[in-house]
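A.B. asks: The primary structure of each chain is shown beneath.
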Amino acid sequence: MTNIQSAAATAEAEGPLIPEGLPTEPRKAKPAWRSLNFGPRMWISLGIIGFVAALAFIGPLFYPYGAEEKVGSLYDSPSAEHFLGTENFGYDVLAVLMASARNSIIIGLLAGTIAVLIGVAIGVLAGYVGGWVEELLMGFTNIVLSIPPIVILILISISLQSTGIAFLKGVVGLALVIGIVSWPWTARAVRAQASSVATREHIDVAKLSGARTPSILVRDVLPYLASYAVMAWVLQLASAILLESTLSMLGLGPSGANSLGKQLFWALAFQAVATGAWWAFLPPTIVLTMISFGLLYLQSSLDEVFNPRLRRGKKKNLAKAAARRAEAARKLAENKPVEAIV
Amino acid sequence: MTGILMRASNLTAVYAADSGKDVPAVDNVTLEVPEGQIVGLAGESGCGKTTMGNALAMIANPPLYVVAGTMQIDDEDIDLSTLARGSNEAHRPYRGSTVSLLPQGAMNAVSPTLKVKNLVVDVMRAHKRDTTVAEAMDRATDRLKMLEMPTRVLDSYAHQLSGGMKQRMVTVVSTLLNPKLLIADEPTSALDVSSQKALIEMLLAMVEKKIMRGVIFITHDLPVLSMVTDRLAIMYAGKIVENGPTEELVNNARHPYTSALLSSVLDPTEETRTKHVLGIPGSPPNLANPPTGCRFHPRCPFAMDICKHEEPAFLHERDHAVACWWANDHAYQTVPMEVNQA
Amino acid sequence: MSEKDSLAPRPATGQPVLSATHVTKQFRVAGGHITAVDDVTVDFHAGKVLAVVGESGSGKSTLARMLLRLMPVTSGTITYNGNDVTHIKGAELRAYWRDVQAVFQDPFSSFNQFYSVGQTLRRGMGSQGLEKETLDQLIETCLGYVGLKPADAVHKYPHQLSGGQRQRVMIARALMMNPKVLLADEATSMLDASLRVSALNVLQDLRANLGLTVLFITHDIGQACYLADEVVVMEHGLVVEHGTTDAVIFEPKNDYTKRLLADVPDLKSSLKVRNR
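Chains as they are written, first to last, in this note's numbering: chain F, -6 to 335; chain S, 3 to 344; chain R, 37 to 312.
Bound-form chain F, shown alone:
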């Protein structure tokens, strides 16, 4: 398989060294990343994520009711004015949903980014330097990894709730906690890749050129990890949002702020399931599912973007090309040339 690819690559990328009677190509070269293209998966996942983001950030600008506005009583059914009815406090469910989605996404973004930054930093250092540094860092990573995250999160959350510092109790505090706990698997994945990149010859060439270690890490190692880092970030987002919902559902969520998990918490506390008030627990569940699925699907579509071999190409282009080929075949069959070789 490799040889087929390389033959095609050589054939395509060629141009004579000494132009003799052949047209030379004067246009500027295209850098490698320009040839990325987005497949249908990516558009679908971006659509889903976009919808939820719009719900969270743009919705409140247009929706007449606020998330803390008492507009009815306990579990009013959905009506023309309140599309999803009211929840246990009498607030409009849709308004609360929008606020919750916004907070959940913010927590996910913060926590995911923190986790990826820590994970990539530790992974690159461990993978590139190797030796005892790697042993030390990976040992530490394994320790953090083996402690059940829920336990740590519960313990830290409880102690955070009882501190006096305001912002730590809310959304930011929770995001920090989740981020600090979920970086290990990113670190492991990045370390493996960094370790492999460190053995590549271009690193030796960079060293011979006199480049120093920080420059090598940034220019020669990180670009090769970019695809891993981006995919890891997307997955961390999804996992952070789900972790936060779990915590909130257990009552350990950000105090004073809504989140999708919190909505479920209140729904459980006020027995929405038993009373049949589906509008209290179904919408947050669906939105949670949508955002998680959207992110996971996005991650798999990124795989296609970064790994050209998985690309399947635009369907209509494939059909056109096939038609052209069939035409060429027909022509060849018609004017069958005289024997070429004995």
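Hints are not guaranteed to be accurate.
[Said to hold, decoys possible] FRET-style restraints, in silico, Cβ to Cβ:
{"#": "1", "chain 1": "S", "residue 1": "344", "chain 2": "R", "residue 2": "225", "range": "20 to 28 Å"}
{"#": "2", "chain 1": "R", "residue 1": "63", "chain 2": "S", "residue 2": "86", "range": "50 to 58 Å"}
{"#": "3", "chain 1": "S", "residue 1": "20", "chain 2": "F", "residue 2": "289", "range": "23 to 31 Å"}
Just so you know, the hints here were simulated from the structure itself, not pulled from any lab data.
Virtual Cβ for every residue (Gly too), placed ideally from N, Cα, C.
Chains S and R: place on chain F using the hints.
C.D. replies: Same frame as chain F, now just chains S and R:
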């Protein structure tokens, strides 16, 4: 078709490039393999020899499409084209039993968790589903003994074997079904000279014992070809430029490209110490936009006006064929070696 | 081991520019050690091409990496112009790398695929404090040595060049530092025969025009025959023969060398003889 095992006629295979245009990697090539002979297919990177091997072995997969071509082997006429929907199924019965491909890098592609004997059973079952383990083992041990290879190989994992032994093992496995034609793609490239010799001796023995009735040996290594082949076909830019008995080609090269290739051979002799070889100026052409007329003309020391406009037809001199305008003007003359040296 | 070294008469000249003295490299594996390079002593003399020939597993590439100081030695010394460079680090090491450069086997993975040829050539030159024009001039000169024009190459990315062009750019990159020693580690192995010959010619020219000392690591004794003044043959980490090219190839004394030469397929004399 007396004395000819296989004849492939008017073979054209293209690659679907990202730009949408098709790049012809093999352009209207005809090749014959006489009964009981080893035919060499020589050329440098990008000339299309591996593509041709894949097309003949009927394992071409998109983005490689075989647009036209027929294979006559024994009494069968096989359509090699892969454009039609059913072509994959139509080719299946021939793969491995009529034509078998030993791909480049095969020795490194064996599953690391399979012992060789499991590989043997897999291969035999692919052709006949009810082959018992005992039958497969019998066949394998007989074959190994016939070729003077140690039978302990069956109980080993691929990574436990040395490079040379691995390649020989893989060659044996790919010919267990006694294919009529074996296509070996660069089987000696990754081997040390001593292992190369052992593999070549094994291939010669296999043909002598009629395990295969013909071999196409694809490589860029001319000295190896002179050791193992009866006939030689030189490929350049998707076309065959010269074809004839190996000894004839080596001593009486009629095409300037063949002559240049021969002069680039560096063996440890007195002549190599003193000679200064000129490589071939320029580089192989972009197959998406090949030169007009003779494809070699931009790099040829003998290029004439006609070479730029008209593609040379084949000139047959006894069993030696060459496609070159200079050769047409200088019947039976060897290309003077001095043109390749300073 | 010194007995093996004195098998062939060592060409006597002045002080060698680069030497390995009793260099050993061992790798720790499960259950013990693997000795990749076993007490090797070799000298490289200025302005000459020395080929280190060996099959896979002979230790030649490991030796090359130690000479380049990309891999630490287990024991022994590496000397450059009389100075012990075995354990240098930091600024000293970077200074060493201005004088000793290398070209590796795989022309594609030697490149950072995200940067253009121009950016790769300019790497590390910032510390030299050259002006833009001087730098551009230097790039043009170095590319010129390998037969490339800046207009054709500088803006291109590695995947847009052919294998032969990439390898030439790598040689040009090595020359940017104005080195005294160039180490070519199987630099021609992945090239086609005609490109190989061109690359070897480039190395020969560099030696003739710039007085470079060239260390040519290869498994192909034929290439050594074409290019080198001296040949060192390695087997399983040991130096088994060392002498002038003529001596080693036409009057080999060691059995391994003899077998190596005998196994090389010779174009004309190995033509198949078949009885029909």
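A.B. asks: All the hints need checking, so say for each whether the structure fits it.
C.D. replies: Status of the hints after comparison with the structure:
Between residue 344 of chain S and residue 225 of chain R the beta carbons are some 24 Å apart, a value that agrees with the proposed interval 20 to 28 Å. One distance hint, 50 to 58 Å for the beta-carbon pair residue 63 of chain R and residue 86 of chain S, holds here, with the actual separation near 55 Å. For residue 20 of chain S and residue 289 of chain F, the Cβ-Cβ distance of about 28 Å falls inside the hinted range of 23 to 31 Å, so the restraint holds.
Violated hints for the displayed structure: none, as all numbered hints are satisfied.
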